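Novice: Residue numbers (this note's numbering), protein chains in the order written: chain A, 1 to 356; chain B, 1 to 356.
Among the clues, some could well be false.
Chain A residues, not near chain B, derived (Cβ > 12 Å throughout) [stated by the list, open to error]:
| no. | residue |
| --- | --- |
| 1 | LYS27 |
| 2 | GLY111 |
| 3 | SER164 |
| 4 | GLY292 |
Straight-line distance between alpha carbons at most 30 Å, and here's what the computed DSS-like set of lysine-lysine pairs gives [as the list claims (entries may be wrong)]:
| no. | chain 1 | residue 1 | chain 2 | residue 2 |
| --- | --- | --- | --- | --- |
| 5 | B | LYS17 | A | LYS158 |
| 6 | A | LYS207 | B | LYS229 |
| 7 | A | LYS229 | B | LYS42 |
| 8 | A | LYS42 | B | LYS91 |
| 9 | B | LYS215 | A | LYS207 |
| 10 | A | LYS207 | B | LYS91 |
| 11 | A | LYS22 | B | LYS158 |
| 12 | A | LYS22 | B | LYS42 |
Don't read these hints as lab results, they were simulated from the structure.
Remember, predicted model here, so these are calculated numbers, not experimental data.
Here a beta-carbon is modelled for each residue, glycine too, at the ideal position from N, C-alpha and C.
There are 2 protein chains.
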Amino acid sequence: MPLSKITVELTNAPKNKPDNDKLGFGKYFTDHMFILDYDAGKGWHDPRIVPYQPIALDPAAKVFHYGQTVFEGMKAYKTPENSILLFRPYKNLQRLNRSSARLSIPHIDEGLVIEALKQLILVDKDWIPDEQGTSLYIRPFVISTQPTLGVQPSEQYKFMIILSPVGSYYAEGINPVNIFVESEYVRAVTGGIGNAKTGGNYAAGLKAQQEATEKGYSQVLWLDGVHRKYIEEVGSMNVFFKVGDKVITPALNGSILDGVTRDSVIRLLKHWKIEVEERTISIDELVDAYRGGQLKEAFGTGTAAVISPIGELNWQGDKLTLNGGKTGELSARVYEFMTGLQRGLIEDPFGWIEKL
Amino acid sequence: MPLSKITVELTNAPKNKPDNDKLGFGKYFTDHMFILDYDAGKGWHDPRIVPYQPIALDPAAKVFHYGQTVFEGMKAYKTPENSILLFRPYKNLQRLNRSSARLSIPHIDEGLVIEALKQLILVDKDWIPDEQGTSLYIRPFVISTQPTLGVQPSEQYKFMIILSPVGSYYAEGINPVNIFVESEYVRAVTGGIGNAKTGGNYAAGLKAQQEATEKGYSQVLWLDGVHRKYIEEVGSMNVFFKVGDKVITPALNGSILDGVTRDSVIRLLKHWKIEVEERTISIDELVDAYRGGQLKEAFGTGTAAVISPIGELNWQGDKLTLNGGKTGELSARVYEFMTGLQRGLIEDPFGWIEKL
């Protein structure tokens, strides 16, 4: 079968769709999914849309043992006029291939994936919720399936796309979260896999996240693994700080994720003539700026929450309250613009929106 | 069902057993496997031995996305008298639980696992090869199966044991390997998950391993992620160096694996009255010892190879040939003792061997 020919098998048993107020994040999945297989010597083959169903793998499949996986996260939105919009999908698929290269996973043609993604969304278009704040979350991922226990790159993979209608990340509009600055655990280090979107980075963060939750914090702020003082990410989001009239964010140093929302926010701020610096930022610099009254706002950026304002940073017991614990003006402005753009309510000056 | 009651379903279709000379490592699996399920609120339940078969998982199962997995590696040996021997099984299962704690995976009763392991091995005892150098490799592992995309510890898991008859790691006795000292990629860092036996660490090593192979080297020697100069591990083994009359090995610093073979070799060397130091070792110290004629031997230790002598270290283009590229006297002596002990050919002075 030519790689461009996607076969479609429709379900005979469509599921009931959940109510919008019960959606949550990544709990419900649509009626279909996309699968593409890889075998060494044969390449990627058999692109197909099939009913959403369990996948059967040999217990020796490498994904269960050696974590050779990558994934992406994207969203599709339904406009008031019933158009379906994607946000910078090529940017995510280019990153998927960069992650794959780091994990010794074969490259996938981005055009084929976009085509598959569009077809899949159209098949399940009735699953896209249309209430303010809801969207269809898109999860493309690659797993290594060769059933052998040698520690080598797999010779077999599955690339899949699953879709999940998701609710508003904030039940009642955008709300700040409290963040624990992590000084014991490390997420990633230069030379490691921190800039790849792969399971191991998320596994490495679970324990710190769990301990932060027990202390009453939503997420941790990660510091670098070498000096234990430079800001990296917040939870699984990139992070921005407004200091005086400037915005600063950690530079892409090899151990943090090259976020699509991060890149978009930087370009948006520059578009608004707000000065943005991508550079090394130490926790001491932030504390000093806070003491001097210059640390005005902070927010995380990621596909799931889009913008997540930070109300408090706990650094070794010191509580730094930002903007009185309330959503800052800039955070709100960026959130409104980004979500408005993604939902087609604001004209797109950047060419980021792709209409199906 | 009480947790101690293991049900057994035997296969109706036993597979053909591979020839001893075709075994390789982790390519063939026996007729049965052990499964234990976990659900939050219910705990571990339904221990069962069933025919070896694919497992069906929802595509959203957390293991496919966030790498929340742990595993172990052990071996069973058949003696010339047809006894079945295990080597320090509790030590591995204690480490499994330490790895699980780091990955926010619930604790499993070690006694139950030993019982399950023994029953499973007895069911498949005809699969244990008995030729010199062969054994039955045992792979216990835990995967997170909850089908939700939130980045949190899973509320559902499967613990499984699969068995694989494996060949001699060395086709013609013990042979030295050439090692590339890695200066670009990093396996793990203090504060991370380097001392847990989890997929992410192995995923992080694939690229370096692949590039070393392309340069003609078997494995990489990992340096620490902070200073990029202290020795950590070799491939996925611990590493020992004979310098003068002493043996040195990296101390357990939180970023290397607490190897069972490592611990056994340290105790064996002390039993032989050979001085062993567990401490920080820089690559510069090794190069200096080499230049001064004091670096006599080096070898890796791990369950798969037991002892893997190092014939050459390539450090930034400098080739350090150890013991003329031949297996050293001490490496051979340790290998002979350890494999003799594990196969029941040598009396066990340590109480490490457990007979089924």
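Novice: Go through the numbered hints given earlier and state which of them the structure violates, listing their numbers in rising order.
Specialist: 1, 3, 7, 8, 9
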